[in-house]
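The chain contents come next:
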Amino acid sequence: MKQQTPKGLIALVMLLLAGSVAGMLWMSRPTEPKQMAVLSVDGTVLQEIDLGAVTQGYTFLVEEVPGETNLVEVKPGAIGVVEANCPDALCVGQGFSQGTGKPIVCLPHRMVIDFRENEGTLDGYTG
Amino acid sequence: MTLWKRLSLTVLIAALSVGCTASTKEYSGEVFAMDTLIFLAAWGEGGKEAVAEGEQYLYFIEDKFSTTRSFSELSQLNQGAGEWQPISPELADVLRVALGLSEKTKGAFDPTIYPILTTWGFTKDEFYVPTQEEINHLLSYTGAFRIVMDASGENVYIPEGFQLDFGGIAKGYAGDQLSQSMRESGVKSGLLTLGGNVVTIGQKVDGSLWNIGIQNPAGGGALASVSIQDKAVVTSGGYQRYFARDDQIYGHIIDPATGYPAKSGLASVTIIADSAILGDVLSTALFVMGLEDATAYWQEHQDFEAVFITEEGDVYVTHGIEPWFKLATGYTEGVLEVIRP
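Each protein sequence line maps, in turn, to chains D and X. Residues in the first sequence are numbered from 21 upward in steps of one, following the working numbering. Residues in the second sequence are numbered from -17 upward in steps of one, following the working numbering.
Worth double-checking, as some hints may not be accurate.
[Stated by the list, open to error] Beta-carbon label-pair distances, calculated as ranges:
1) D/G87 - X/G189: 42 to 52 Å
2) D/E84 - X/G201: 21 to 31 Å
3) D/E84 - X/D45: 20 to 30 Å
4) D/S40 - X/Y41: 45 to 55 Å
What the hints contain is simulated information worked out from the structure, not anything from laboratory work. In this text, all values refer to a predicted model and were calculated from it rather than measured experimentally. Note that beta-carbon positions come from the ideal geometry of N, C-alpha and C, so glycine has one too.
Looking at chain D on its own, in the form it has when it is part of the complex (with noise of 0.2 Å):
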């Protein structure tokens, strides 16, 4: 006798196939770049600031260890340090990036603005 396939079950699976392939086409659809700064201090993450939504320049002071501090700038689309008391002051000849590229470092802080590209997507940088 042959075995019969219950409709009910047939139409679930079938939805929730539709609902699969929905879903993917949801995750997968164009979105608007984002150019994401990430900075941190030691390892640990402060900020994430996405520098496409900045409408209006602001500074922040940065001074997780007391004593030690870098002066922050964010602009529309691009971030920098504008100021710091280390040493060598090398995370300011940095100038500002635009959200792409190469992490703008303060050694002697330990600080570090890392980018996060959701588009074109590069895996490293060297330079």
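With chain D held as given, fit chain X onto it using these hints.
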């Protein structure tokens, strides 16, 4: 096939897919060592332990090779110049490669230029332009051919007044050692970034190649990218550290022949090679050589690939990397040429 069987197969494939993704977890670490920021990332089985061991290894290597820490093995060795001294296997490994490549590049790479680098102020960012007399005097204390290792490789003689510096080779060595250790831990996919040194292990977890950006020496992000697997990519450029004095720009890469910052017409050199130590050394040496001699060197050896960016913004890529090289969209500052064998 009945509908039931088809459905069962679908469910089985879905279950297997979930099983596969379970082994693609990323483990990462960040270390401040060797005068730079180092990122380690490993995916899948063995990754967690490999990253943790890698972090400890970097501190171990820094304690051996640092020139700024007076207690490091290299500092102690420099302080004992003028006498035969025993060295560790790690230091012997690096020194052997450094001396070999110094000879191979006809001195364009020289691990003994530390006294000159220090006088220019690049080691402490206290910049100074030495006189020609001072340079001439300092040049008499340089020359890798004057360093002697005994047959066992366990002892070395550094002439009095000489100082070794592994700034142009230690990160490459560490990258190679780390990637080998991670492979032995079972890591099939990994990415290491040691300053300008990028080392890749296998492919990405999705099976695609690693896409590594090359900094535009003029600033503003990546000028190009290369797609690679199981390779190291290393860049040297005068723009990485420099100072300006009296309308002159002085870069940190010293030409061992003159004692002055190299002015070869190149803004940066990127080497793509199987080993990071080779890439680290050659990126510096070929920068010093300039485009013409660097081209001849590649044509003679061909055990690496290279991307040369001139001060005018022109880009030259060696034949072997061309299919995997991509200029950034919209880059129009210079021409792109392929260097053929």
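If I claimed the Cβ atoms of D/E84 and X/G201 lie 21 to 31 Å apart, would that claim hold in this structure? 28 Å Cβ-Cβ, so the 21 to 31 Å window holds.
Is the gap between the beta carbons of D/S40 and X/Y41 within 45 to 55 Å? Given range 45 to 55 Å: holds, Cβ gap about 47 Å.
Assuming the hint says 42 to 52 Å, is it satisfied by the Cβ distance from D/G87 to X/G189 or not? At 49 Å between Cβs, range holds.
Is it true that D/E84 and X/D45 lie within 20 to 30 Å of each other by Cβ? The hint (20 to 30 Å, Cβ to Cβ) holds, given that D/E84 and X/D45 are roughly 26 Å apart.
Hint violations for this structure: none, all hints satisfied.
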